[in-house]
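For the record, the sequence lines run as chains A and B. The first sequence begins at 9 in the working numbering and counts up one residue at a time. The second sequence begins at 112 in the working numbering and counts up one residue at a time.
Be careful, since some hints might not be right.
Partial chain B-side listing against chain A, Cβ under 8 Å, derived [claimed, not checked]:
no.	residue
1	Arg249
2	Thr265
3	Asn272
4	Gln338
5	Leu340
6	Ala341
7	Ile342
Think of the hints as simulated: they come from the structure by calculation, not from any bench. Using N, Cα and C, we set each Cβ at its ideal position, and we do this for glycine too.
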Amino acid sequence: MQQKLSWRRDLCNFCGACVGVCPVNALFLDEGKVLIDQETCIACGFCEKTCPLGALEVLTRAV
Amino acid sequence: MKVLLLEKRPEIGAPVRCAEGLSRESLEKVGIKPDKSWIAREVLGARIYGPNMKYVELGAEKAGNEVGYVLERLLFDKHLAALAADAGAEIWLRSPAIGVIMEGGRPVGVKVKRLGEVLEVRSEIIIAADGFESQVARWAGIRTVVPLKDVVSTAEFRMANVDIDPDFTEFYLGNEVAPGGYAWIFPKGEREANVGLGVEALRVEGGGTFAYLRKFVEMIPGLRKGQPLAIITGAVSVSLPLKKTYGNGIMLVGDAARLIDPLTGGGIANAMVSGMHAGRTAAEAIEEGNTTEEFLARYQERWKADLWRTLERNYYVKEKLRLMPDRLLSEVFEVLHGKKIEKVGVVPILEEIQAKRPDLVAELEKYL
């Protein structure tokens, strides 16, 4: 399955900002990790812009 | 009536995700007595700096009496939970809600992962108090997404060894420092402070908000030798509240309802007020045996009566401030430098400027 979004554990502060801004509920903050539903993700980049530490990166762009 | 408080973390109040500032009147409004055990610092007022580092003072006319506090939320949050426990609430830790149980098109409970085991908890009313993430309401079919224009990304250090004025909270405005937001220094002690800033998510450039924070610390001489005790990050909504903060069997409170003040980014006060109203409304609804949205609508009326006017006005001010060029903002601060003002208000500020710089007022009126 196409990886649209990547998350870096070594940068993440587990604050949940990304989960809050996702317009399609593709992100979930579990204990110690951010779960990404790659199928649902639309690669809009909201989480990438909002993450204060740059821990999320969009790999493809939304059409 | 039974109340269950579900906390996803292993500890109430930790980690802190907050600048921890709160006005004295906000505590009074919800009937909580200030207690030194969870107050890190009492402050006499606030200073607001423009891009040219000229400033105005707020609240300091009440000289001698504190107008506000910087809390120790690791302890304050536990105090609130203890009050709930004393009143009979049950508390589960490490118990995140992972879904809402829907029956007949309405929420009837939540799915919880409690220490690894998935459980169903049925309840007549759900109060969604899950903060900026605001997932519970979404699982119940209420849309809580905020347009990215109204999201501010934040980064903060709790810092030791800083040279600050420990009696004032400080706010720094400017498109270089914190575009669409502001930087803050909130004293926690004589030489300790929460130092942070918020940047409009749409305008963050580079690797993230954290880089802006490092730059800000370098910019303020008193902070340069500061050492971090904690790194805190998050996001806040600076939108108007959600149009509907309730549904059949559910109410949304605080950050989850997007009740954060769009100008100050402050959420504690509005979370407590809305939480108070939700609790009262829940008790009434269960007593009546009526948890329909028609009955719960009064919850929204109640928080609106307390909060709407300020939220709406502050959203307007934020919308005007966020795009104001630094040059224009600096001129305002140049005129007002050193003044003590009662409240932030467009009309009183324009009146202050009118006397010295009527040309500036004309330019501002065009801009506003």
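These are the hints, each one checked on the structure:
1. Arg249: Where the cut-off is 8 Å and the nearest Cβ of chain A is about 6 Å from Arg249/B, the hint holds.
2. Thr265: OK, holds: Thr265/B within 8 Å of chain A, min 6 Å.
3. Asn272: With Cβ-Cβ at 23 Å, over 8 Å, it is violated.
4. Gln338: Since the shortest Cβ distance to chain A is 18 Å, the answer is violated.
5. Leu340: Hint violated; Leu340/B Cβ to chain A Cβ min 15 Å, cut 8 Å.
6. Ala341: 10 Å, violated
7. Ile342: 6 Å, holds
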